[in-house]
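**Student:** Chain by chain, the residues run as shown.
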Amino acid sequence: MQQIVDGITAGSIYGALALALVLVYRSTGLVNFAQGQMAVVSVYIGWSLVEIGLPVPLVVVFTLLASLVIGALTERLLIRRFEGQEPLVAIVATVAVLICFNGLINLVWGGSVRAFPSLFPDEVVSFLGARATWGDVGTVAVLVGTVGLLQLFFLRTRLGLALRTAADNPSSARLLGLPVGSLLLVGWGLAALLGGLAGCLVAPSVPLQPNMMDTILVYALAAAVLGGLDSPLGAVVAAWLIGIVETVAGANINIIGSDLRIAVPLVLLALILLVRPQGLFGRRDVERL
Amino acid sequence: MTTTERTPAVPAALSARARPLRWVAYVLVAVVLLAIPQFASPYTNLQLTLILVYGVAIVGLDVLVGRAGQVSLGQSAFVGLGAYAAAYAFGHGWGPVAALALAVALVGVVAVLVAIPAVRLRGFAFGIITLALPAFAVPLANRLVDLTGGSQGVAVVATTPPEWTGQADDQWRLYLVGVVAAIVFWLVHNLLDGRLGRALAAIRVNEAMAAANGVAVHRNKVLAFTVAGLCGGVAGWLYLIAVQFVSPAILQLNLAVSLLVALVVGGTRSLLGALLGAAFFVLVPNVTDNISPGRSYLIFGICLLVVLFFFPGGLAGALRRLLAWTRRRIGR
Chain S
27 MQQIVDGITA GSIYGALALA LVLVYRSTGL VNFAQGQMAV VSVYIGWSLV EIGLPVPLVV
87 VFTLLASLVI GALTERLLIR RFEGQEPLVA IVATVAVLIC FNGLINLVWG GSVRAFPSLF
147 PDEVVSFLGA RATWGDVGTV AVLVGTVGLL QLFFLRTRLG LALRTAADNP SSARLLGLPV
207 GSLLLVGWGL AALLGGLAGC LVAPSVPLQP NMMDTILVYA LAAAVLGGLD SPLGAVVAAW
267 LIGIVETVAG ANINIIGSDL RIAVPLVLLA LILLVRPQGL FGRRDVERL
Chain D
15 MTTTERTPAV PAALSARARP LRWVAYVLVA VVLLAIPQFA SPYTNLQLTL ILVYGVAIVG
75 LDVLVGRAGQ VSLGQSAFVG LGAYAAAYAF GHGWGPVAAL ALAVALVGVV AVLVAIPAVR
135 LRGFAFGIIT LALPAFAVPL ANRLVDLTGG SQGVAVVATT PPEWTGQADD QWRLYLVGVV
195 AAIVFWLVHN LLDGRLGRAL AAIRVNEAMA AANGVAVHRN KVLAFTVAGL CGGVAGWLYL
255 IAVQFVSPAI LQLNLAVSLL VALVVGGTRS LLGALLGAAF FVLVPNVTDN ISPGRSYLIF
315 GICLLVVLFF FPGGLAGALR RLLAWTRRRI GR
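Chains as they are written, first to last, in our numbering: chain S, 27 to 315; chain D, 15 to 346.
Please note: incorrect hints may appear among the correct ones.
Listed below are several chain D residues computed to face chain S (Cβ distance under 7 Å; list not exhaustive) [as the list claims (entries may be wrong)]:
#1 R33
#2 A139
#3 A146
Derived from the structure by calculation, the hints contain no laboratory data. All of these numbers come straight from a predicted model, not from anything done at the bench. The beta carbon of each residue, even a glycine, is placed where N, CA and C say it ideally should be.
Isolated chain S, as found in the complex (with noise of 0.2 Å):
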């Protein structure tokens, strides 16, 4: 029992990043490797806001919306040209992005390890005869909160269908006078603000530094590519599978320990995918010719 919480918690930061990514997906068809750091670069804005005074509540609001500053620039000022070419190319553009990002962090903050405030209270709570902080239990909270509003705001706000449109079909979508160049900008500008939630959950559990998220992006990308890459509800509910699965094989199958627990998540996409190529969630591809 106590693995499985620990499983949730842990699937539900993968789960906020992969969130992120299939937003990304959904509006422009493209994997974005550079999540993950975009979200590192909020969270050390974040810790500058915090070493000057801010109070938390203050600096997570300012976190994240420097998040959405920051992806909506990016794909206004670079990612935006490679809209339309070989999906290669923009891929490894979103490389690019990460390797920049990255050394800029190096040259802003340094390389140095530092260290983020809980956003909640650290007192322990115990249910069910497992035991979890607030912090794992406001995790949770927080990500199925905003699969929520995620689901409502496309299914149920003007934007959110606009944005559908945009990414389902760009050219029938500028045919029907839709700005699609805006939306394909708060697409990427709503995933990196997801990022930056992302980063501000799991900063106060693991040290800052500039390569804190790369082992999250890889669980994320697991988990969007098992949900099915353009489904949130299914990044998030793969997400906590990945999370449970790891954490119980990790502690209970010797063989596997701490090193090879990276694998486990990996080989059960691999092995859930040979029986459904779209994912649990995912529809699949149609295509007329």
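Go by the hints and put chain D onto chain S.
**Tutor:** Frame of chain S; chain D shown alone:
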């Protein structure tokens, strides 16, 4: 400007007239290339050797990624497997050919076994699955201490220059690696210059269409994956000859991503592109280190973005456009 397929740069009649001249040029280039190791410093020779080593890994990746359109993040695992196999062979006193045979056999088997299920996946799902290879290989190499030396790695003496050549270590290695790289490039070129090349192009453009037109999609994808893996394995063997050392670092995802980046920067579907990409990957970090060690990574990233921004066809594409432009300007 997304035309990436190669068109004959010179009309047939013209090339017939220019043929003797062209052979002279080829011979001159060959002589210059053969002479370089004699005059370059050992450090330069090592850099050139590494460019060729990574070039072989990248040209293999190009078969899978550039030709067949299947983005892979697993190439480093094959390079590493080849290098470890070679290290084992050299460590047990085998000759270079036996070491190559072991590396190729081992990598070939692993590549086919991985490819048969993996290539059923499409698009990003395939990319993420291949990512499992380095993620799995690094801890494995760390654990199999008896075979791999664990995180310390293994150092071996791979080959020493024979007495009669009178060459220094760095020169001998560069010649050896250069010859093998040339053979691999030639083999890959011949392999793609025909049925397989067309089949992979059809798969890249549209899998369903390719299948409808009688291309054996699954078999050709497995073949592309295996060729990519084998080139990676040979590159690993070459790496060991060049560096005489291998550690789990070579298996890491970082290298797989770097090779993919180098492929795109150099230009996909081009042998020259593979070499240019490898050169970028080996040389640019040196240059940026010299400019400012603290900002090396940032400047490298900016260089990458600049190339991608202005030369979507990669360095090879840019070079081709430059050649076409000069040819137009001087009116042939």
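**Student:** Tell me, in ascending order, the numbers of any earlier hints that this structure violates.
**Tutor:** Those not satisfied come down to hint 1.
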